[in-house]
Amino acid sequence: MGGANNLKTLENARQYRYVLSALTRLSDLSTSARAALFRDPDRLRALSSGGIPGGIDGRTADALSRLDWNAYEAADRKAEASGARILGFGEEGYPEALTHLADPPPALYALGSPECLAVPCVALVGARQATVYGRNVAETLAADLARSGVTVVSGLARGIDAASHEGSLAVPGRAAAVLGTGIDRVYPAENGPLQRRMVEGGGLVLTEYPPGTAPRKWHFPQRNRIIAGLCWGVVVVEAEERSGSLITARMALESDREVLAVPHAVTSRAGIGPNALIHDGARLVRRAEDILELMPAHLKARLHISRAPGGIGAPPVSAEAAGLLERMPCDAAVGLDALAADASLEMPRLMALLLELQMAGLCVELPGMRYARRSLPKTS
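Just so you know, we're using my numbering here: the sequence shown kicks off at -6 and counts up by one.
I should point out that these hints are in silico values taken from the structure, not numbers from a laboratory.
Check the hints yourself; a few may be wrong.
[What the hints assert, rightly or not] Between beta-carbon pairs, the in silico distance windows are:
| hint | residue 1 | residue 2 | range |
| --- | --- | --- | --- |
| 1 | 261 | 84 | 36 to 46 Å |
| 2 | 249 | 269 | 17 to 27 Å |
| 3 | 345 | 165 | 17 to 27 Å |
| 4 | 86 | 345 | 40 to 50 Å |
| 5 | 211 | 185 | 15 to 25 Å |
| 6 | 322 | 70 | 49 to 59 Å |
| 7 | 86 | 291 | 20 to 30 Å |
| 8 | 316 | 279 | 18 to 28 Å |
| 9 | 86 | 333 | 52 to 62 Å |
Glycine included, C-beta positions come from ideal geometry on N, C-alpha and C.
Whole structure, please, built from the sequences with the hints as guidance.
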């Protein structure tokens, strides 16, 4: 779409949300009746003359009379042609958790399996410019949560979001992403293969924006309310002082969700956000068990929590590989030469052990043949 059409679509989207908000406050209509009314242009236009007792005012009726229903219909058909489902408010498949938001999305475009939201969901969010420590923590938490049956939700952005999705898929597990673009626009483009793997693995990609919608700065704070609304709790892994992740945490609090945070070095800018949240009362997260133990009993009953030594379902490795892992920091990457010297290993043996750790999901190779742990520090 061109710039003018994008602006028109955004204006319609704002009216669309405003109208839905008014309609959902009508006390004399059931959810199904509201949904039917909302999708019937003729009946909606009739509101501009007569109105409905209970909450449709003149401003809303005027907004309704200006809506471009043909544009909405065209956007819906385009989405369905790309394989997406359209989940309207009050219709089957629409996430029940979102119906309780003050500003629920009127409709969602979905790729994948909405059924993955039927299990307990936890959001992992954080900085785009993530540190090695942050990525490792996000991947490990996501893998352990997914292994226990949790659907991990994030925003498919660079950094912590991408690491969280990768961790979920490594188990394998199910991941859900909420976009700040149209369902046919992958942003950033480099995460296109990741999005496809999520959908193919039984996960879900959601957005409230119609097809063709490009990324805009203000879309992402708006989508964060959906991330928070879908989940029992939001875990902030890394965030600077002014961060979208802190907006998600605030929205989670406003929606009566749990807010949790991973502690970080006080000298790191990426630690300012989570450390401040912990100072203000957010639950401290050291490992996935800290999250799972806080869940209410009715959510725990729907999980399959393992108590394997060394972490939730941690895969076994040889004693020699485990010893090498202990020599690898979890907050930085180390080169081959330095690791070989520290562990007193010949290069062929070192490479074999590193491969064993990578196959077990405990170690990751970074550019420049540098390696880092993916497991969280052990706690007493």
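Here is what the structure says about each hint:
The beta-carbon spacing between residue 261 and residue 84, approximately 45 Å, falls within the hinted interval of 36 to 46 Å. With their beta carbons about 21 Å apart, residue 249 and residue 269 fall inside the hinted range of 17 to 27 Å. Under the hint 17 to 27 Å, the C-beta atoms of residue 345 and residue 165, about 25 Å apart, fit the expected range. Under the hint 40 to 50 Å, the C-beta atoms of residue 86 and residue 345, about 48 Å apart, fit the expected range.
Between residue 211 and residue 185 the Cβ separation comes to about 23 Å, which falls inside the hinted range of 15 to 25 Å. Residue 322 and residue 70 have their C-beta atoms about 52 Å apart, which keeps the hinted 49 to 59 Å range intact. Remark: the range hint 20 to 30 Å for residue 86 to residue 291 is upheld by a beta-carbon distance near 22 Å. Evaluation of the 18 to 28 Å hint for residue 316 and residue 279 yields a pass: the beta carbon distance comes to about 23 Å.
At about 53 Å, the CB distance of residue 86 to residue 333 agrees with the hint of 52 to 62 Å.
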